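**Q** Chains as they are written, first to last, in my numbering: chain U, 402 to 613; chain E, 402 to 613.
Calculated from the structure, these hints are not laboratory results.
The structure displayed is predicted, hence computed values, not measured ones.
By construction, the Cβ of each residue, glycine as well, lies at the ideal position given by its N, Cα and C atoms.
Just to be clear, a hint being listed does not mean it is correct.
[To be verified] Cβ-to-Cβ under 10 Å is the rule here; a few derived chain U residues that face chain E:
#1 I436
#2 E439
#3 Y496
#4 V512
#5 T522
#6 T524
#7 Q536
#8 S557
#9 A561
#10 D596
Letter by letter, the chains look like this.
2 protein chains.
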Amino acid sequence: MDLNALRNLSYGLYVVSSMDGGRPVGCIANSAMQIMAEPASIAVSLNHDNFTTKCVEKTGKFAISVLSEQAAPSLIAKFGFRSSKNTDKFQEVPYEKYDGMPVLKECCTYVICQVTDKMETETHTVFLGSVIDTQFLKEGTPMTYAYYHNVVKGKSPKTAPTYIPPSEKTKGAYICTVCGYIYDGEVPFENLPEDYVCPICLKPKSAFKKEE
Amino acid sequence: MDLNALRNLSYGLYVVSSMDGGRPVGCIANSAMQIMAEPASIAVSLNHDNFTTKCVEKTGKFAISVLSEQAAPSLIAKFGFRSSKNTDKFQEVPYEKYDGMPVLKECCTYVICQVTDKMETETHTVFLGSVIDTQFLKEGTPMTYAYYHNVVKGKSPKTAPTYIPPSEKTKGAYICTVCGYIYDGEVPFENLPEDYVCPICLKPKSAFKKEE
Numbered sequence: 402m403d404l405n406a407l408r409n410l411s412y413g414l415y416v417v418s419s420m421d422g423g424r425p426v427g428c429i430a431n432s433a434m435q436i437m438a439e440p441a442s443i444a445v446s447l448n449h450d451n452f453t454t455k456c457v458e459k460t461g462k463f464a465i466s467v468l469s470e471q472a473a474p475s476l477i478a479k480f481g482f483r484s485s486k487n488t489d490k491f492q493e494v495p496y497e498k499y500d501g502m503p504v505l506k507e508c509c510t511y512v513i514c515q516v517t518d519k520m521e522t523e524t525h526t527v528f529l530g531s532v533i534d535t536q537f538l539k540e541g542t543p544m545t546y547a548y549y550h551n552v553v554k555g556k557s558p559k560t561a562p563t564y565i566p567p568s569e570k571t572k573g574a575y576i577c578t579v580c581g582y583i584y585d586g587e588v589p590f591e592n593l594p595e596d597y598v599c600p601i602c603l604k605p606k607s608a609f610k611k612e613e
Numbered sequence: 402m403d404l405n406a407l408r409n410l411s412y413g414l415y416v417v418s419s420m421d422g423g424r425p426v427g428c429i430a431n432s433a434m435q436i437m438a439e440p441a442s443i444a445v446s447l448n449h450d451n452f453t454t455k456c457v458e459k460t461g462k463f464a465i466s467v468l469s470e471q472a473a474p475s476l477i478a479k480f481g482f483r484s485s486k487n488t489d490k491f492q493e494v495p496y497e498k499y500d501g502m503p504v505l506k507e508c509c510t511y512v513i514c515q516v517t518d519k520m521e522t523e524t525h526t527v528f529l530g531s532v533i534d535t536q537f538l539k540e541g542t543p544m545t546y547a548y549y550h551n552v553v554k555g556k557s558p559k560t561a562p563t564y565i566p567p568s569e570k571t572k573g574a575y576i577c578t579v580c581g582y583i584y585d586g587e588v589p590f591e592n593l594p595e596d597y598v599c600p601i602c603l604k605p606k607s608a609f610k611k612e613e
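All chains should be modelled from the sequences, with the hints used to inform the complete structure.
**A** Structure (structure tokens):
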């Protein structure tokens, strides 16, 4: 069994959001799919540890912002590698509310869902949501998870369903301990300037660790 | 609400298969996603009307064959637009069994799952499966649903979660009544030779109907 083979399943890249009282919250998700055509229904898988999960439980509603290939890596880092519990992720990120749910203005499509059912697993809750609104918002090619990994060189956080621990292949490489980004530039890592920051999560050079 | 916006969710293209006694069965699915990393678990959404769904219920096991961009449109038609109830879809399609489940030899990755839970909806069953085996089988780029629609010019059958009825835009176009393929060649449809067949489901010219 080679779990890396599961990387051949295809996904998009989304910000799943909800509200914590009057405060917008959200996190990156790649596991979202349509379950029914009529009534249109979407399932999304969220880790129990995500603060957003608790807010979806409470409000019974969530929004999906479909990220395009133009989405800034720093935006993905903000929503993917920090917690809404103690960060206002929507600060400085332009958003609009639809049906009371926060949607990124920069996304190419939004979907607003009312939770109608859920399936519990050991680590993740699968929410089934009935689509109450969906629209194209902006031109753009939806970012696929493959594009995120291969072009943006992004990684999966430990709470992602698709997380795979670093393998033998990464031995000797410098890896960002926050987001898992593997440095692969031409300049040896040691020679990078001190103000170098991780291109994904923007953490400083000191956040990198050599994989032994 | 513009349901076409849901087309911006990203999917792969898979053959989900199982066994009906000693006979392999399977159907096309695009709604499959990983739910947990540890233990690795996959959810797949199958229409109640699919014969394969009943076989997954019975055996408690399913396989996912990840199709590559090289997958023949006729293969997709065979598994997507016919029923395993009265067709042996695996006839003339090379396959191998892993853990007793049939897997297409032409796929780039296979995943074998044991059903551990399910979520019922009005039209589809979402099976949660624990991964008991997964391997890379053949080199290839996994086919995305976008590639299937934009490059292969494929359509969704009426049982797909992502099915959208023909719109205003297709008025006057010739559409295959079996698989929904919209003819868009340069030669006017009327002038096509009598032995023309639908490139997706291989049905004859007579299966096409002009959208009024």
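**Q** Hint by hint, say whether it matches the structure.
**A** Results for each hint:
{"no.": "1", "hint": "I436", "verdict": "holds (5 Å)"}
{"no.": "2", "hint": "E439", "verdict": "holds (7 Å)"}
{"no.": "3", "hint": "Y496", "verdict": "violated (17 Å)"}
{"no.": "4", "hint": "V512", "verdict": "holds (7 Å)"}
{"no.": "5", "hint": "T522", "verdict": "holds (5 Å)"}
{"no.": "6", "hint": "T524", "verdict": "holds (5 Å)"}
{"no.": "7", "hint": "Q536", "verdict": "holds (5 Å)"}
{"no.": "8", "hint": "S557", "verdict": "holds (9 Å)"}
{"no.": "9", "hint": "A561", "verdict": "holds (7 Å)"}
{"no.": "10", "hint": "D596", "verdict": "violated (34 Å)"}
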